[in-house]
Amino acid sequence: MISKKIDQKLIQLGDLHHFIMRFFKELFMPPYEFKEIINQCYEIGVKSLPLISLTGFITGIVFTNQSRPSLEDFGATAMLPSLIAIAIVRALAPLVTALIAAGKVGSNIGAELGSMKVTEQIDAMEVSGTNPFKFLVVSRVLATTVMIPILSCYTGFVGLMGSFLNVYQHESVSFISFFDQVFETVTFLDIFQAIIKAAFFGFTIGIVGCYQGYNSSKGTEGVGKAANAAVVASMFLIFIEEQLVVMIVQAIRG
Amino acid sequence: MEKQLSHINYQNPVINIVGLRKSFGDLHILRGVDLKLFEGENLVVLGRSGTGKSVLIKIVSGLLSADEGSVNVLGQEVGDLDEKALMSLRLRIGFSFQNSALYDSMTVRENLEFPLVRNKRSLTRTEIDREVHEVLDSVGLLQALNQMPSELSGGQRKRIGIARTLILRPDIMLYDEPTAGLDPITCTEINNLINEVQQIYKTSSIIITHDLTCAKEVGDRIVMLLDGKFERQGRFNDIFDSDDARVKAFYDYNFIA
Ligand SMILES: Nc1ncnc2c1ncn2[C@@H]1O[C@H](COP(=O)(O)OP(=O)(O)OP(=O)(O)O)[C@@H](O)[C@H]1O
Ligand SMILES: [Mg+2]
Numbered sequence: 001m002i003s004k005k006i007d008q009k010l011i012q013l014g015d016l017h018h019f020i021m022r023f024f025k026e027l028f029m030p031p032y033e034f035k036e037i038i039n040q041c042y043e044i045g046v047k048s049l050p051l052i053s054l055t056g057f058i059t060g061i062v063f064t065n066q067s068r069p070s071l072e073d074f075g076a077t078a079m080l081p082s083l084i085a086i087a088i089v090r091a092l093a094p095l096v097t098a099l100i101a102a103g104k105v106g107s108n109i110g111a112e113l114g115s116m117k118v119t120e121q122i123d124a125m126e127v128s129g130t131n132p133f134k135f136l137v138v139s140r141v142l143a144t145t146v147m148i149p150i151l152s153c154y155t156g157f158v159g160l161m162g163s164f165l166n167v168y169q170h171e172s173v174s175f176i177s178f179f180d181q182v183f184e185t186v187t188f189l190d191i192f193q194a195i196i197k198a199a200f201f202g203f204t205i206g207i208v209g210c211y212q213g214y215n216s217s218k219g220t221e222g223v224g225k226a227a228n229a230a231v232v233a234s235m236f237l238i239f240i241e242e243q244l245v246v247m248i249v250q251a252i253r254g
Numbered sequence: 001m002e003k004q005l006s007h008i009n010y011q012n013p014v015i016n017i018v019g020l021r022k023s024f025g026d027l028h029i030l031r032g033v034d035l036k037l038f039e040g041e042n043l044v045v046l047g048r049s050g051t052g053k054s055v056l057i058k059i060v061s062g063l064l065s066a067d068e069g070s071v072n073v074l075g076q077e078v079g080d081l082d083e084k085a086l087m088s089l090r091l092r093i094g095f096s097f098q099n100s101a102l103y104d105s106m107t108v109r110e111n112l113e114f115p116l117v118r119n120k121r122s123l124t125r126t127e128i129d130r131e132v133h134e135v136l137d138s139v140g141l142l143q144a145l146n147q148m149p150s151e152l153s154g155g156q157r158k159r160i161g162i163a164r165t166l167i168l169r170p171d172i173m174l175y176d177e178p179t180a181g182l183d184p185i186t187c188t189e190i191n192n193l194i195n196e197v198q199q200i201y202k203t204s205s206i207i208i209t210h211d212l213t214c215a216k217e218v219g220d221r222i223v224m225l226l227d228g229k230f231e232r233q234g235r236f237n238d239i240f241d242s243d244d245a246r247v248k249a250f251y252d253y254n255f256i257a
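Here the protein sequences come in this chain order: A and B.
Yeah, the first sequence ends on 254 if you go by the working numbering, and it's all consecutive.
Yeah, the second sequence ends on 257 if you go by the working numbering, and it's all consecutive.
Treat the hints with care, as some may be off.
Calculated from the model, a selection of chain B residues having no Cβ within reach of chain A, i.e. all distances over 12 Å [unchecked claim]:
{"#": "1", "residue": "S54"}
{"#": "2", "residue": "G69"}
{"#": "3", "residue": "S88"}
{"#": "4", "residue": "Y103"}
{"#": "5", "residue": "E134"}
{"#": "6", "residue": "Q143"}
{"#": "7", "residue": "K202"}
{"#": "8", "residue": "R232"}
{"#": "9", "residue": "A245"}
Distance condition first, Cα-Cα at most 27 Å in a straight line; then the derived DSS-like pairs of lysine-lysine [to be verified]:
{"#": "10", "chain 1": "A", "residue 1": "K25", "chain 2": "B", "residue 2": "K36"}
{"#": "11", "chain 1": "A", "residue 1": "K25", "chain 2": "B", "residue 2": "K120"}
{"#": "12", "chain 1": "B", "residue 1": "K202", "chain 2": "B", "residue 2": "K248"}
Below, a sample of chain A positions facing chain B; criterion: calculated Cβ distance under 8 Å [claimed, not checked]:
{"#": "13", "residue": "S53"}
{"#": "14", "residue": "T119"}
{"#": "15", "residue": "E120"}
{"#": "16", "residue": "Q121"}
{"#": "17", "residue": "A124"}
{"#": "18", "residue": "E126"}
{"#": "19", "residue": "V127"}
{"#": "20", "residue": "G129"}
{"#": "21", "residue": "T130"}
{"#": "22", "residue": "D190"}
Simulated from the structure, these hints should not be mistaken for laboratory data.
For every residue, glycine included, the Cβ atom is placed at its ideal position computed from N, Cα and C.
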């Protein structure tokens, strides 16, 4: 029973691998679907912006609030902006953005492609001379890969704003000195690794969502399953990638 | 009244299928299918649910691949084509899907433009608008131009689906159950449309159905898919003049139920 389940997961992983290979093969072959890529970037931005703004802001406030007592014990509340900056830039911004996008954008892609598959819209595209993999999958995966880093930068900024408000309230640190301290602490490597990480997260969300949708089973329940599986699988992979990146960056730092 | 057959060119088969076999696992769906579609002909394929009618035309358009046998469409062997050649062959084949398969996220206008804009990139805005107007007019749905597919009835969706395939001026039309799930009056309208398309656009068509009224009205010739093969073919009355229990059951079901 269990071994059968594991077998199935392994087969799925193999399929996903094929799917990713096909993505890279078609990525470099013309025609390029620039218009559709821009469309998708826009969609992703519009869909996730409100939720990301809210979550980013709240994360900043809450995280600052929760960190204060432990720093107070050492009389080190002056370090608050540095601590927050590191946590938000290195980890929180990409992770929060990716998790929200996995729930919002990933499930959306899974459901959309799933219903297109089930109602034969993908077949219809194929017989009318459009490569559906390129038009639907490549454009969406590129869009998430580009947009999640951009959105992460935005989340980071909003989170820092939330944190600043909280610090200002309690320690009356000025805007300038808060951000002075932030930029003194955060290194180029921090920002660089965050953006690369976010790009991997974005790629994961896009490719997993498309894979689940593209391979969804017949019938309307297949669409729901595809959306659900897209979220679960991409969140799982995002956590694994997060751990990997931390290990790699620590190795680089020496 | 039976249809005239003088417009059909029996010297020129546009589709020629020989010994086609297709299985899904242990499910042997097509077991040696032979079929010719002649230029200008409306060929009706009858068969019960699950006999592989949809599978057959999906193989013709290269959406599925054959296990065995030869499928020749417009002089080209479908199984041997590379991706590019298959794409250009597909532009000459119109495929009207069983459930219309309209793109839900696009308006009717965008649905119709989609194949045109993507395959004939040199067209101007005016030319595109004119083509859209023309096909929409020939399916009698000019008023639906700016509607979303979800706002249309089943019959209207079918007609938009047909219009979307006509816009590329195909030589061959494949209709998958064009009248399934529609009321008798709408069925008649669709049947008339299929006959008009045959005359105006000079297409050769395969019409898949289990609706005998449809078969009678549009079919120049009828073939019946029984147990994975075409065992009977001919004009409507010849087909059902048979003692075969399977054929009788099919007829009775349609006219009694
Ligand atoms: N891609 C596929 N994978 C596995 N099995 C399939 C696939 N496509 C079709 N089948 C199976 O092949 C059989 C024939 O399917 P098909 O859709 O051609 O039937 P049909 O004659 O069109 O029936 P209907 O009148 O209900 O549309 C069915 O049993 C179906 O389950
Ligand atoms: Mg069918």
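Among the hints numbered above, which are violated by the structure, and what are their numbers in rising order? Structure breaks hints 1, 3, 4, 10, 12, 13 and 22.
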